[in-house]
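S.K.: The lines below spell out each chain.
Number of protein chains: 2
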Amino acid sequence: MAEQKASVKGVYIADEEGSFVTKALNLVKLAFGGIPGDRHFGWTKKAGVRESMYERGTEIFNRRQLTLVSVEECAQIAEALGVDRVEPEWLGANVCLEGMPDLTEVPAGARFLFDGGAGLLCEGVARPCVHPGKVIAEHFPGREKLAAKFVKAASGRRGLIAVVEREGEVKRGDSVRIVT
Amino acid sequence: MAEQKASVKGVYIADEEGSFVTKALNLVKLAFGGIPGDRHFGWTKKAGVRESMYERGTEIFNRRQLTLVSVEECAQIAEALGVDRVEPEWLGANVCLEGMPDLTEVPAGARFLFDGGAGLLCEGVARPCVHPGKVIAEHFPGREKLAAKFVKAASGRRGLIAVVEREGEVKRGDSVRIVT
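Quick mapping for you: the protein sequence lines, in order, are chains A and B.
Counting from 1, one number per residue, gives the positions in the first sequence under my numbering.
Counting from 1, one number per residue, gives the positions in the second sequence under my numbering.
Identical chains blur together in the list; that is why a pair holds if it fits in one copy or across any two.
Lysine to aspartate or glutamate pairs mimicking EDC-like chemistry, simulated, CA-CA at most 20 angstroms apart:
id : residue 1 : residue 2
1  : 46        : 167
2  : 29        : 59
3  : 134       : 144
4  : 5         : 51
5  : 45        : 59
6  : 46        : 15
7  : 45        : 16
8  : 29        : 167
I should point out that these hints are in silico values taken from the structure, not numbers from a laboratory.
All of these numbers come straight from a predicted model, not from anything done at the bench.
Turn these sequences into a full structure, and let the hints steer you where they fit.
M.R.: Dropping the structure here:
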């Protein structure tokens, strides 16, 4: 097993009805199913466009309980878009790590083991969709084309999806071991 | 997305106290958490030797709800061991597929979509451990060294672990689509 180390730059929750945009907290409690109160929380979910192998609305296992991004990959997306920053909240991220310039290359099956004992199991890459592009564009008036450019700019840098393997707290500033 | 097709050679359950060896059924019902009544059924499990990143006995997400093997890879293991057959039951398999000579190469994140609507989500490779080797050796008297040879013989051919993504029945003879 290989091991990398990183730190938690921020933790976030999407708790507003109708919006995937997250907001920063000092800590999140991970429970089986994700972050209680977050829009993606739950053991199961309804199949959507990402699960086109199932009829839309079918109850399926929720493998997208949380989304992880890195400071470095957010900066790479910003550079590709020609803007000064892309915030984790705009991508709907729940955890932003610092020290993982190649976060999106971490394979499914890898573990993220946090100081407080919480553990996440990587379920693969977060495929970029158009919605964060629109949120980014709203922050840069006059740059409406950013929305259309997002998917390509974020390809391979969009971060990971994960499920909670072990319950616990994750705090801003925590260190994390990534075991693959 | 790439798609392969295969068929279900057999379905199996481990429902005897203290044994991982499975027995053949005509059908199994998949529910969230696995196969009800099987020793690996449940949303969560206690961390064991395979999850050495957690203290033994810690409650963790159960990513090993089912094990899949293929007829062809069982034959490859048998050949490597110099015996005439290795049965799926001896490996503790829950589903044996026919038509997947490279089953163990199917990546985490792939879906197994069965006729009856059930869906499995691949969680990665089933790492060979010594126990099935002992069961194999019991079936070939005088070949005690088989137990020690199993881990190497089964490396890369041991099949996959999976979680139930969509509930439903899986029957012997069903066809299955593998979507990666």
